[in-house]
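**Q** So the chains spell out like this:
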Amino acid sequence: MTKWNYKGIKAKDLPKGAVIPEGGTAADYETGGWRTKHPVLDKEKCINCLFCYAFCPDSSVIVENGKVVGFDLKHCKGCGICAFECPKDAINMEDE
Amino acid sequence: MVATLKELAAKEDKLSPGHRLCAGCGASVVARMILNASTLPVVVASATGCMEVSTTIFPYTSWRSSFIHNAFENSGATMSGVEAAYRALKRKGKMKDEFNFVAFGGDGGTFDIGLQSLSGAFERGHRMLYVCYDNEAYMNTGIQRSGATPMGAWTTTSEVGKKQAGKIQHRKDLTGIMAAHGGYVAQASPSNWRDLVKKAEKAFAFDGPSFINVLAPCPRGWRFPSEQTIEFARLAVETCYWPLFEVEGGKYKINVKPKTKKPVTEWLKPQGRFKHLFKDVNADKLDELQKFVDDQWDRLLALESACRLD
Ligand code: SF4
Ligand code: SF4
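Taken in order, these protein sequences are the chains called A and B. Letter by letter, the first sequence follows residues 1 to 96 in the numbering used here. Letter by letter, the second sequence follows residues 97 to 406 in the numbering used here.
Chain B with its partners taken away, still in its complex shape:
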């Protein structure tokens, strides 16, 4: 049973306010929902990134739990070490309490810099949840392209000019990469809070490694007004740019199938980072992005029906 908002609101948030994330930040909505879904106390690690720098400015911390920051590239390894130490202490009878272990990383710390340590933690099968809050660029350092930045997006390192119209390459399919490891893997969006909370609950209950990739719209980096963070998460789902699905035991399941798939331009157009794509010279880029989304969606549908066969 998924917790209701009334039940969640009756508990104190595990992430306290007073953090210095920007007004309207999608990442803190994601962290709140995930952590509040835990019925046990949590132990949290975070890779370097927006969330880490703004929640732990000495002598303040927003985490109403144990929290550890180590480096950009190793929150997966750090949390797996914490979990292994916990198991050893428990085995020796030095510890009795139960915890959920959660690591957060942005797309920079997960798609790119921390991928090896996350992959190792998954392969070793630690009982931990890794959450990627994907805001599609290195936002903390001032909007630089990452492996998660969509093609065509402006960032300060994928400029717009005569020779180039934003990022040249497509984003990588991190959720697919993680699904290839096994464990419990899901993709979620804060707009669909019930789906997100359910996935977090499943991950916490799973006896092994789990990974949730959550879209975290960024008003500053995507160039949209701060009140529309959830709306952009919603549009990403409705256009099938950001499909909501989960992979359990190698089986794909799509959680939300929009009745009418909106054109991806509805998600792109209001964002300042894609403004240049709506000039005539870049019409081919819009077609290419639509094709990317269509191919990704068709592939998911195929994977889902292939998994139903047995």
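One chain only, chain A, in its complex shape:
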């Protein structure tokens, strides 16, 4: 997150509602600590159908050039949807 510059802004100048002056700052917040299990990819089995990417609620399946390359463990909550939905059983949920 960028440091927001409030210099010279007086209390009366502040907006009445809460304002966050830039988008997507939640990416700095870690939700990976919620996990009890994490997904592990078996690249041999994966056919890059990208269903795991489509169904992940936390945008944590990393895709590069149309191929699954891993998981964003800073944010992955370990829900297991990717492993459950994978048609090739290429994802295994392993204990933390």
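If you're looking for bench data, these hints aren't it; they were derived computationally from the structure. It should be emphasised that the depicted structure is a prediction, and the values quoted were computed from it without experimental measurement. Take the hints with a grain of salt, since some may be wrong.
What the hints assert, rightly or not - One side only, chain A facing chain B, incomplete, derived with CB under 8 angstroms:
#1 2
#2 5
#3 8
#4 9
#5 27
#6 29
#7 42
#8 43
#9 55
#10 57
#11 58
#12 66
#13 70
#14 80
#15 81
#16 84
Beta carbons: idealized from backbone N, C-alpha and C, even for Gly.
Use these hints to put chain B with the ligands onto chain A, whose structure you have.
**A** Frame of chain A, contents of chain B with the ligands only:
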């Protein structure tokens, strides 16, 4: 042409991770798919609800776009005001960029509390998409019944005991209510991602108001393991509990017709909120739910064939 997953994955998600929705939440899958279907930058509003509280905890926001929260009952009105202001600025030459305007609301904020403001926004014909992520109860406040909760479901305000077996009333047909307004109206499910993305693309291209009602299974409120969110969305479609259809220019079109309609019990039984329905005393409730689903499906088929006549 519907975008492929490869094309969608090449773009940065418009909803960033780091939101505090529960593990396995269906709502964020829905929001990701809808927003990623937009080729333009989006302006988003959200009614109070799970999605709003967990994506905008100060100083964090998950929205990689402009976002506005106002109140529970008026995301339809708020977004229509934003869209009207945008049109005025554009007319005066003060703004050139193109945007898609999207409002999200849960079933509480849409079926119940925000229905009047959504109805008004539709009637005035604003060019905006309203998405209801329907998790079938007030989940954010701890699972209270809503107008979307199916009959027989346990919630903390539709209890299970000697006198009552979960919610007494059937859910209301919100998609039908919205279809009566005109515009582009559809019902979708995250399990059928291609259908959902296509509907979002259509809505964004539509020059007027559009509404998509999307089933958003909730592991906590429905009582099922978090990895099965998409599976429950799929079963809802395969049992015809949640038919996928769209209404354009008043014409109904069913998008998915399951080859064999599974009994609704296949969707109900694995969910903890319907556990009590499988006791002998409640057998009539299961029959009633099956009848509700059958009637709804027959009515849709009839509407579709009636629309084909002309
Ligand atoms: S769902 Fe399975 S096969 Fe498909 S891309 Fe993901 S890991 Fe690979
Ligand atoms: S376990 Fe859940 S959060 Fe983690 S990558 Fe898989 S689908 Fe995403």
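**Q** Please verify that hint: residue 70/A, Cβ, nearest Cβ of chain B, below 8 angstroms or not.
**A** At about 13 angstroms, which exceeds the 8 angstroms cut-off, the nearest Cβ of chain B leaves the hint on residue 70/A violated.
**Q** Identify whether the interface hint at residue 9/A stands, where standing means a beta carbon of chain B within less than 8 angstroms of its own.
**A** Residue 9/A check fails; min Cβ-Cβ to chain B is 15 angstroms, beyond 8 angstroms.
**Q** Hint validation: residue 55/A versus chain B, beta carbon distance must be below 8 angstroms. Holds or violated?
**A** At 5 angstroms from the nearest chain B Cβ, residue 55/A passes the 8 angstroms test, so the hint holds.
**Q** Hint check: is the beta carbon of residue 29/A less than 8 angstroms from a beta carbon of chain B?
**A** holds (4 angstroms)
**Q** Please verify that hint: residue 43/A, Cβ, nearest Cβ of chain B, below 8 angstroms or not.
**A** violated (17 angstroms)
**Q** Please check whether residue 80/A passes as an interface residue: C-beta within 8 angstroms of a C-beta belonging to chain B.
**A** With a closest approach of 3 angstroms, the residue 80/A hint holds.
**Q** Holds or violated: is the Cβ of residue 84/A closer than 8 angstroms to a Cβ in chain B?
**A** holds (4 angstroms)
**Q** Measuring from the C-beta of residue 42/A to each C-beta in chain B, is the shortest one below 8 angstroms?
**A** Hint violated; residue 42/A Cβ to chain B Cβ min 17 angstroms, cut 8 angstroms.
**Q** Quick check on residue 66/A please, does its C-beta sit within 8 angstroms of some C-beta on chain B?
**A** Holds, because the Cβ-Cβ distance from residue 66/A to chain B comes to roughly 4 angstroms (cut-off 8 angstroms).
**Q** Was the hint right that residue 57/A lines chain B, CB cutoff 8 angstroms?
**A** holds (4 angstroms)
**Q** Under 8 angstroms is the threshold here; is the Cβ of residue 58/A close enough to any Cβ of chain B for the hint to stand?
**A** holds (5 angstroms)
**Q** Please verify that hint: residue 81/A, Cβ, nearest Cβ of chain B, below 8 angstroms or not.
**A** Where the cut-off is 8 angstroms and the nearest Cβ of chain B is about 5 angstroms from residue 81/A, the hint holds.
The earlier numbered hints that this structure contradicts are 1, 2, 3, 4, 7, 8, 13.
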